[in-house]
Structure formats: C-alpha cells, structure tokens
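Given the coordinates of chain A, assemble chain B onto it according to the supplied hints.
Chains as they are written, first to last, in this note's numbering: chain A, 69 to 496; chain B, 69 to 496.
Certain hints may be false.
What the hints assert, rightly or not - Label pairs and their calculated CB-CB ranges:
1. A:453 x B:434: 34 to 40 Å
2. B:417 x A:454: 52 to 58 Å
3. A:403 x B:454: 41 to 47 Å
4. A:360 x B:403: 38 to 44 Å
5. B:137 x A:301: 41 to 47 Å
6. A:468 x B:356: 46 to 52 Å
7. B:399 x A:420: 34 to 40 Å
8. B:399 x A:413: 43 to 49 Å
What the hints assert, rightly or not - One-sided excerpt, in silico: chain A residues whose CB lies under 8 Å from chain B:
9. 79
10. 149
11. 157
12. 159
13. 161
14. 202
15. 367
16. 419
17. 460
18. 482
What the hints assert, rightly or not - Here are the simulated lysine-lysine pairs, DSS-like style, with alpha carbons at most 27 Å apart:
19. A:405 x A:302
20. A:365 x A:283
21. A:365 x B:158
22. B:283 x B:308
23. A:158 x B:365
24. A:438 x A:418
25. B:283 x B:418
26. B:198 x A:482
27. B:482 x A:308
28. B:198 x B:418
29. B:405 x B:418
30. A:431 x A:198
31. B:415 x B:405
32. A:482 x B:80
33. B:302 x B:283
34. A:365 x A:418
35. A:283 x B:482
Don't read these hints as lab results, they were simulated from the structure.
Every value quoted in this text rests on a predicted model; they were computed, and no experiment measured them.
Quick reminder that beta carbons are idealized off the backbone N, C-alpha and C, glycines included.
Protein chains: 2
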Amino acid sequence: MKVRKNRRSAPKNAFYAQSGGVSAVINASACGVLETARRHRDKIARVYAGRHGIIGALTEDLIDTSRESAATIRGLRHTPGGAFGSARYKLAAIDENRARYERLIEVFRAHDIGYFFYNGGNDSMDTAQKVSEFGASLGHSLVCIGIPKTVDNDLAVTDCCPGFGSAAKYIAVSTREAALDVISMARTSTKVFVLEVMGRHAGWLAAAAGLAGEKPGDAPHAILFPEIVFEREKFLARVKTYVERYGYCVVVVSEGVRDAAGRFLAEAGTRDAFGHSQLGGVGPVVAQMTRDALGYKFHWAVADYLQRSARHIASQVDVEQAYAVGAAAVEFAVQGKTAVMPIIVRKSAKPYRWSIGEAPLGKIANAERKVPRSFITADGFGITAACRSYLSPLIGGEAYPPYRNGLPDYVRIKGIGVPRRLREPFVV
Amino acid sequence: MKVRKNRRSAPKNAFYAQSGGVSAVINASACGVLETARRHRDKIARVYAGRHGIIGALTEDLIDTSRESAATIRGLRHTPGGAFGSARYKLAAIDENRARYERLIEVFRAHDIGYFFYNGGNDSMDTAQKVSEFGASLGHSLVCIGIPKTVDNDLAVTDCCPGFGSAAKYIAVSTREAALDVISMARTSTKVFVLEVMGRHAGWLAAAAGLAGEKPGDAPHAILFPEIVFEREKFLARVKTYVERYGYCVVVVSEGVRDAAGRFLAEAGTRDAFGHSQLGGVGPVVAQMTRDALGYKFHWAVADYLQRSARHIASQVDVEQAYAVGAAAVEFAVQGKTAVMPIIVRKSAKPYRWSIGEAPLGKIANAERKVPRSFITADGFGITAACRSYLSPLIGGEAYPPYRNGLPDYVRIKGIGVPRRLREPFVV
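Just chain A, same shape as in the assembly (with noise of 0.2 Å):
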C-alpha cells in the first residue's frame, strides 16, 4: 500500500459506489462515508454517488449526495438495499477492456474527483485495484479505497463482512421461530422443514442458522453446507433418526450445496452478468427427496431476498461496523492511504471487542474464504463450538428501524444529478 504526502491543496470530490448484491446495512457503511466525508471538507469537497454503482460513472450518470439531507443521510443507517443502486457489472481485466478504465478515468477527471470509494465484494475489491494502478499508469491521483460488503462472509483478511451479520441473524432467528411451529404440529402435520438460504460457494449463511438450537435436540437437525459434499443415503439416514427420535426434523440448506459430481442440487440454468450460475430451489428438492424416499410431510421456504435486506432483525454489531467500515474509509482517504480497505479485527470473543484494521486490496481480490472443516462437526450436518463463538457475536444487539403505521420508516434519497460535463455517451 502506498501513503501519499498529505499535501495542503484544493479538496477533491470523491465517488462513491456499491456494488454487488445489496444487503441491510451497506447503506450505513454509505452513510459512514458520507457522514465522515461532511467533516472533513478541507480534503473532499463533494461526494458523487455512482447511480446503479460503477455505471453511474461509466455513464456519467452521478448523484449529487450534497444534496441530500442531514435526516435522509442519517437514515441511510436504518435503511436496507442500495439507496444509489447497486450493479453487478464486472470491468475485466485491463487488457480486455482498456476502454472502460479509460472511460472511469476520464470521468473522474471531468468531475474532478479525486477518491474513489468502492462498495463490495470480492469482484469489487479487484476492480478498485485495478482502477488504482489504472490511475496512476495515466498519471490521474486517484485515492482507492475499498469497503467492505458481502452477505456471504467469503471475504479474506477481515475477520468479518458487514452485511452478514445481519442475514445471519435474520436466518437464525427464522430457523428458531419456523422450528417451533413445526414441533408444534408434527404430530398429525408437517415432520419435515427446509429453510433454503443463500450462499453460493461458502456455507456461512447456512451455518448461523445453527446457532438457533442451543440444547440437544434442538433445530436445525441437519444443515447442509456447500463445503460438504452431499450424499442423498447419509442425508436421508439423518432425517430419519430426527422424525423418529424427535418427531421432526428442520433442514437449512445453502443454494450451494453440490453432489460427489460437482453438481448443485438445484440448477437454474442461468448465469448472472459475472458468469456465476443463477441458483435457487434446493430448498424444495430436498424436501420432496425426503417424501419420495421416507414418506413425510414436508413444508419448505426459500428466504431469497427477504434474508438480506430484513434490516427490521439487522444485527447491531453489523450495522456498527458497516458503518465504521464507512467511516474508516474516508479517514484512510485523506490520511492519504490509497488501495486499501478497512477491515474488522476481532479483538477478543467473550467479551467480543472489535477494531478497525486495514488490509491492501491485493490480499482481498478475487480470495474466497469458506467455513473451514473444524468449524463443521465431524458428520458434515452441524457447526462446532469454534464455529458458534466466531458466529456467536455478530448476531448481537438488535438494531431496531423507526416506524411509522406499523412499518419501518426507511428514508429515500432524491437521488439529483450532477450535470454532465461530457459530450460522448457511455453504452454500457
């Protein structure tokens, strides 16, 4: 990482875009940047906001967040999804695709922008490198910060992603209360109850779910992780010791999870704009998997959406650290860090203390951290002791929105364009 000299000169706007699948709390980690960047006006002037992330500046299309209000930005903390939108649109690689980084950074120098503030996860950690050596290799001062966010928990280095803990929480909780409506009419109803969460290669989203049961028996009987192979006679042999043993059986299953083959359980057949297969409906082949073959009555739900932006169970430690990531972040930048992202250090677990701690984007790019095996019990279907302390504490506090006739009172930006200053179009 490199530390610029902290020069007395003229502020510098900066931009600001989120990235990737949006989650609860990604716009408090905007409402940290925005917040963070009001007090420090000597060094940035405005803050450009990317409508629809990196897009927005591609196409010139940038949102004027000076124009928002102290409330709407202070409520940006309380609100779930992207409030600038958010893109899933990869850059590649220089080569590749010279004419889009030539376009950021012709933009960038049109509004004088000078920070750039990247929102995401492993794919976005990766482009804000890229545009960082970009930069420099055309002579444009270009701060690059990274910030953290990603529902699946996969990032290297930080202990933590913001954003998680809040699904995890959601998922969790869910687990708990949809287990005991099951226990409640097993006996002439529903034995069999799956939970199908999200994670497409790492298992963290379906590993909170264990931390519902706390006591022997307690749901989820089994969690299927896509760092554990599935095998259909040893899945089946759990769900039969659960109904028998228990008179039901709960199931969380990632959209993840794969056979010896590689195959996913549930293949949609489509990809997303990174390449990435669209996954969705293990949830209900698993539990017809357990009719066919044991005969029970099942029930299943597919959290979908509704696990990353329910902000109304959003985990208060998540949303402290999504938005001291923002804030962090701001600092880094006009202490003159650049290509860099602020991470969580875990500190202690019990009591859990946390810190802000910086990693270069380099060692974040493109890593992909999955549950390790110590953190799953030897029969592949529950989390071990290890995995309930590290997952234990970012479930904490609740971190209740405002509401207003019964309904969380999100805030909405007005969203007002800065002018733009050139003449060519930008097709994306």
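Below, chain B alone, put in the same frame as chain A:
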C-alpha cells in the same frame, strides 16, 4: 347462547387445546387463559392443556399447566408456535364418529373437567359447538368457549383474527424490504421478484403486502388474490408495464390463486388431515411465467412457516388482542356463559379502538370470510383505500420479544403430564 346460573360449587378443572395451524401469538392467547384462570381459583381449579390439542384429550395426554412457573406462563406471551402442541384433527359429525365424542366426555369426567377452551379456526369452533351439544346430551355439564385464532383472518363475525396481524406485519415489512433490494439491483439483475404467501381461500395475507406501498410506483405492483381469477395475459401485461415504467416489478402471490377453471396454479397434489389440498410452489410458477413470456430475470421467495411464526416482528395490536381473547374466554366461562367465542369489535378505525365482544359458536363455525371485492382495486391487482384503512391498524406497534445471545429468548414449557385415570387407551 346459554347462560348457566352462577352457583356456588366446587371448582372444576379446565381443558385448553390449541388447534390447526399455529401462529406467532396463539401462545399469547394461552397466556391470557392461564393467567386469568389463576385469578379464578374459586371456579377453575387447574387448567389442563391437551398435548397436541384435542388429541391430548382423546388419548388422555394432559399437561398440568399448574406445574408451570408464572415466568413461563408470562413468557408464552412472547413465544411463537403452539407451546402445548397443536393438531390438524377434525372430530367429524357426531353421527359419523360418536366414539370420539364419547371418549372426550369420558376423559373430561375422569379429570373433573367442566370447562373446555378451544383455540383455533372455524373448524375448531365447529368442534367446540358439537362437543358442547354432545356433553349436554349426555348430561355432562360442560362450558365450551371458543378462542379465535387464524393467520388467514377468515373467521366470520369477529373484526379480525388473532394471529393475522402479526403475519400481515411480517408480509408487509418483508415486501417493503425486498422491494428496496430489487430496485437497487434492477439495472443489471433481477427485474421481477415474486413473494409467495399463505391464504388458501382468503387473500387477507396477500392483501397485507399492499400496505408496503404508500406512493404511486411503490411495490407491490401486483397482488394475486385467491378471490380473483388468475388471467395469464392480464398479469403478464401488468408485469411488463411496471418493468418498463419503473425498472422492476414486485409480485405477491397467494398460495390459493386459481385459474378460470378453478385449478390452483400450483398443486402439490397432497391433502392434509382436513382433506384440504396441500399447496406451495405457486411463487416459482408465476416467476417462471414472466421469464418465459417476457424474458425477465427473476427471483422468488416462499415465506411459508416463517410468516406465521415471526414473533420477532409481531404486531403489538395482535399480541394484545390474542391475550385479550384468551382472558375474555375465561371471564365468559366463570360468568357461566357457554358455546360462545370472544370476538374483536372495531369501535373506531382512526384512531384505532377496539373492544371484546362475544358471538355464539354457531355463527362462526365453518363460515369463511373472504376479502370483499370492494377491498380490491378494479384491476384486481391492488388494495383499495378501504382495505388499507381496515388493515393498517392491525399491524400497529412492535411487540419485541426479549433477546439472549442475539436471539429471541422464547420459553419452553416443562409439560408435566397429568396421571392417567382411564384404563382404556384411545387410538387416534
């Protein structure tokens, strides 16, 4: 309804049973019954709860609630599911299954049970009514009080049904949150999001999603009600309009939606204990339809049991009403009333004021209240102002449960059984 003379006599025991699908607040009704009964020890000696509802009475599997601490009873107010176990089990007509009714009275006699509190939907009110008549015909003096419960909100006479408000709040909140996620990403990702909710014949839960939208263009953009015949072309045109105008479309579909031929859009092909067909899966069917016809990228979620067990986001009004009908049931009983059910009476919509009334069981049994046509917009896809004004107060207030380790601290009963007094077992 009959009012018995309020004689001074030895207190009798009471039997309480939960019936049918459980809810986030059915235990709040149980709490109301138990706490109120404990204040009337001169009339009600002990309350026995049926383990798995009415099955517990038939099999003489009674839980002695007097063995539960005051703290546990109090904790039922914030615990979802059916703490004593519920059942989908219909007694059928007396002529068809006289043995069951005889057994019930035999168990009641053996345990000196003079009060029967049945907490359920319209099937259960029918049962309570029959048991009342049958007991009288055998000369067993039995006070039968129904306690309304159903997330479907389809009971007649009462203004609303305990359990509905909390599920409605969950759906409205989830719709609002998921919509913020979808709109963030719509530029490059999902254009159509479908949320499937419960409601076999009545679209009250689907209607509740409509509360999420307050301004033109707000989600949900299409609600599919069981009360409105599904027309494919009309639906697809609606989706197309919203995607073209706003960039995305949020659809909320009731599991009970049918086509012009009366066929469910999704049939699991199985039937529950009441002979109702088991539904589930219309969400993906509808989502896939928009892709096939319009080419839009879609996502879908199926809330299933999550919606009716989500005590973490329960409506304060719903919790209070659930408790109140439980408490009122006991008050009615000790006043000597029988074959009645406490109902919710709306005294004013704005500000919302309600009170407890009473209705004879016969008026509620087997009647089903659907969403009136005047509550659905002319196009069939939204809710009217009248509907909003009816629904809005029911999701009012947040009744958060206590938390421990980041998770709701729900109570569990000890569930100590009452010693059996009958020799003959009964096989259900």
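Here is what the structure says about each hint:
| no. | hint | in the structure |
| --- | --- | --- |
| 1 | A:453 x B:434: 34 to 40 Å | violated, 52 Å |
| 2 | B:417 x A:454: 52 to 58 Å | holds, 54 Å |
| 3 | A:403 x B:454: 41 to 47 Å | violated, 59 Å |
| 4 | A:360 x B:403: 38 to 44 Å | violated, 53 Å |
| 5 | B:137 x A:301: 41 to 47 Å | holds, 44 Å |
| 6 | A:468 x B:356: 46 to 52 Å | violated, 36 Å |
| 7 | B:399 x A:420: 34 to 40 Å | violated, 47 Å |
| 8 | B:399 x A:413: 43 to 49 Å | violated, 58 Å |
| 9 | 79 | violated, 29 Å |
| 10 | 149 | holds, 3 Å |
| 11 | 157 | holds, 6 Å |
| 12 | 159 | violated, 13 Å |
| 13 | 161 | violated, 19 Å |
| 14 | 202 | violated, 22 Å |
| 15 | 367 | holds, 5 Å |
| 16 | 419 | violated, 12 Å |
| 17 | 460 | holds, 6 Å |
| 18 | 482 | violated, 14 Å |
| 19 | A:405 x A:302 | violated, 52 Å |
| 20 | A:365 x A:283 | holds, 25 Å |
| 21 | A:365 x B:158 | holds, 18 Å |
| 22 | B:283 x B:308 | holds, 20 Å |
| 23 | A:158 x B:365 | holds, 18 Å |
| 24 | A:438 x A:418 | holds, 23 Å |
| 25 | B:283 x B:418 | holds, 20 Å |
| 26 | B:198 x A:482 | violated, 61 Å |
| 27 | B:482 x A:308 | holds, 26 Å |
| 28 | B:198 x B:418 | violated, 39 Å |
| 29 | B:405 x B:418 | violated, 32 Å |
| 30 | A:431 x A:198 | holds, 13 Å |
| 31 | B:415 x B:405 | holds, 24 Å |
| 32 | A:482 x B:80 | violated, 66 Å |
| 33 | B:302 x B:283 | holds, 23 Å |
| 34 | A:365 x A:418 | violated, 41 Å |
| 35 | A:283 x B:482 | holds, 15 Å |
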